[in-house]
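Q: Top line first, the protein sequences correspond to chains L and H. Throughout the first sequence, residue numbering follows the UniProt record's numbering, covering 1 to 190 in sequence. Throughout the second sequence, residue numbering follows the UniProt record's numbering, covering 1 to 190 in sequence.
One should not assume that every hint holds.
Claimed, not checked - Heads up, simulated DSBU-like pairs for lysine-lysine below, C-alpha to C-alpha not over 30 Å straight-line:
#, chain 1, residue 1, chain 2, residue 2
1, H, Lys133, L, Lys133
2, L, Lys133, L, Lys94
3, H, Lys47, H, Lys152
4, H, Lys94, H, Lys133
5, H, Lys186, H, Lys133
6, H, Lys133, H, Lys47
7, H, Lys186, H, Lys152
8, L, Lys94, H, Lys186
9, L, Lys133, H, Lys47
10, H, Lys186, H, Lys94
11, L, Lys186, L, Lys133
12, H, Lys94, L, Lys186
Note that these hints are calculated values from the structure, not bench results.
The residues making up each chain are set out below.
Protein chains: 2
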Amino acid sequence: MRVPLELRRAYKLLNHGPTTLVTSAAHGRTNVMAAAWAMPLDFDPPKVAVVIAEATFTRELVEASGEFTLCVPTRAQLEQVYAVGSASGREEDKWALYRLHSSPASRVQAPLVEGCVGWLECRVLSEPDVQRKYDLFIAEVVAAWVEDSVWKGTGWDFGGAEELRSVHHMAGGVFFTTGERVQALKPERK
Amino acid sequence: MRVPLELRRAYKLLNHGPTTLVTSAAHGRTNVMAAAWAMPLDFDPPKVAVVIAEATFTRELVEASGEFTLCVPTRAQLEQVYAVGSASGREEDKWALYRLHSSPASRVQAPLVEGCVGWLECRVLSEPDVQRKYDLFIAEVVAAWVEDSVWKGTGWDFGGAEELRSVHHMAGGVFFTTGERVQALKPERK
């Protein structure tokens, strides 16, 4: 079940470096694309950075609306993640083409992708220079949600839910799932 | 064995979102810290973005030298990664304290961390505004190296080398290893 997450914990959704789905909405259209180049940028209030290439339809919608969401997709969605990262939504409706379902977000117009395990609703912080030079968008997270079956206490815990593990794209459709959960010992001087 | 990697493939070292070690050198001192907030920013020439907090000794050395490396550590180094991310090198030598060994890089003064599986030598692209506002450093990758036992053909393939898997920090010393390698099917319209 999707449950709200305190904003001060929102960075944890991306801290382990999963590949994301970026949704956007403007001019009566919505779109979804994959972005592996996304990361947290601050804790509280939480900020994120994401690369949105210049020629993409997502870029056009994000620049028009000043909003997007970053969703954390799962192994069960692997083919869809790869597909929406390879095709453009300018001419076609990727939601219908790849059987992705959306639901409304709470504080932005861009929708949430159903079946994901984490969701960040984001408002762009205007940095025109880095947007133009590096296709880099900086945004504040204004709402966060998590799938509670893979979130125990204060963090991700996928347990035996193999199909709900987040994924990490390398290149060319080769992904790694998020692997074993390991706790490092409290640092001690060696 | 550490072998050179073509610059056009350098983005693959970080594309799956591993936690990194950042090394730096200036004024006759070197340092190493952990950074989970690092990602590729461009393919060729490759660029990266990394968050280096204002109060850190690494920040001082990177600002003085305009250089750093991003190294990809392994599960075998988990305790060390957590430790160098928790302590400051300003007063103490983290290399000695946590038994990390360095070797010279090829094109920057910052050293490479031995035992890692990937290494990016980076030169800062001056963006004073985002450095100041977001602690965000943008850099060009000028040399790249990979441990060839976990790199098959053109990408990561950890196979059975569990201790050489890269790691992904969530929070508070909880990490995930890089998990199962899965190939998504070529996108097809559903």
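Q: Hint by hint, say whether it matches the structure.
A: Verification of the hints:
1. The straight-line distance between the Cα atoms of Lys133/H and Lys133/L is roughly 17 Å, inside the 30 Å bound, and the hint therefore holds.
2. Between Lys133/L and Lys94/L, the direct Cα distance comes to roughly 28 Å. Compliance with the 30 Å bound is thereby established for this hinted pair.
3. Our distance criterion of 30 Å between C-alpha atoms is met by Lys47/H and Lys152/H, whose separation comes to about 23 Å.
4. For a cut-off of 30 Å, the pair hint linking Lys94/H to Lys133/H stands: about 28 Å separates their Cα positions.
5. Taking the CA atoms of Lys186/H and Lys133/H, the gap is near 41 Å; set against the 30 Å cutoff, the hint is violated.
6. Taking the CA atoms of Lys133/H and Lys47/H, the gap is near 20 Å; set against the 30 Å cutoff, the hint holds.
7. Using a Cα cut-off of 30 Å, the hinted pair Lys186/H and Lys152/H holds, with the two alpha carbons roughly 21 Å apart.
8. Simply put, Lys94/L and Lys186/H have alpha-carbon atoms about 15 Å apart, close enough for the 30 Å limit, and the pair holds.
9. Our distance criterion of 30 Å between C-alpha atoms is met by Lys133/L and Lys47/H, whose separation comes to about 12 Å.
10. A distance of roughly 46 Å separates the Cα atoms of Lys186/H and Lys94/H; the hinted pair therefore is violated under the 30 Å criterion.
11. A threshold of 30 Å between alpha carbons decides the hint, and for Lys186/L with Lys133/L the separation of about 41 Å lies outside it, so the pair is violated.
12. This hinted pair checks out: Lys94/H and Lys186/L have alpha carbons roughly 15 Å apart, not beyond 30 Å.
Hints 5, 10 and 11 from the list above are not met by this structure, while the remaining hints are.
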